[in-house]
Amino acid sequence: ETGVTQTPRHLVMGMTNKKSLKCEQHLGHNAMYWYKQSAKKPLELMFVYNFKEQTENNSVPSRFSPECPNSSHLFLHLHTLQPEDSALYLCASSQARIRAYEQYFGPGTRLTVT
Amino acid sequence: QQQVKQSPQSLIVQKGGISIINCAYENTAFDYFPWYQQFPGKGPALLIAIRPDVSEKKEGRFTISFNKSAKQFSLHIMDSQPGDSATYFCAASQGSSNTGKLIFGQGTTLQVKP
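Sequence lines, in order, name chains V and H.
Position 41, counted from 1, in the first sequence is what this note's numbering calls 41; the numbers after and before it change by one each time, with no gaps.
Position 88, counted from 1, in the second sequence is what this note's numbering calls 1088; the numbers after and before it change by one each time, with no gaps.
Be aware that one or more of the hints could be misleading.
Stated by the list, open to error - Chain H regions said to be covered by chain V (calculated; three or more residues, Cβ under 8 Å): (1) 1042-1055; (2) 1081-1093; (3) 1100-1109.
Honestly, the hints are just simulated from the structure, not real lab data.
Glycine is no exception: its CB is placed at the ideal position from the N, C-alpha and C atoms.
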């Protein structure tokens, strides 16, 4: 595997379900990010982790719970989501601090909440 | 203050023509301005980036022009090709804050007709 991988690529879940999105980066980076991409809206930064520590929570509802067990893996735990949470969820990684604007994105997980 | 405004929303260009996408920002604390390219089914990929102390940066057919006083920057794609058809996002980063926080524009969908 190379780059940034995300699983699953597609997910359909009911409003009462609990599911998790997984991201893995094979680039030796030490910063990881979750973004939400909705139609007709800019990419929205959700969370930032630097060296496994959360450094940014962009006012994300608590029904989204991130976890970063090490610099290579990032999870997004989902529970009691709303239909408006349906979107493409993108994971990205970069070198922390130096050139942090140079982010490498995975292909995303297309989430549909029914 | 934190927004980056991008225009046009969509753009159709003939093969060989010049594609121009514009962005504007308000926050003078931004100090990196990357452009990302996204193909359907893929995550965004860094295309080119510029710092505000540089007025122009060119990489191959892609050029960023930066006007610090007007707080505007633009992407020019010279000799546009059908393979350039994608969605383009401008972004701004407070690199000096080292958080990796990127603020994205709304995106421009470019179609290059053969």
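Identify every previously stated hint that the structure contradicts and give their numbers, smallest first. Structure breaks no hint.
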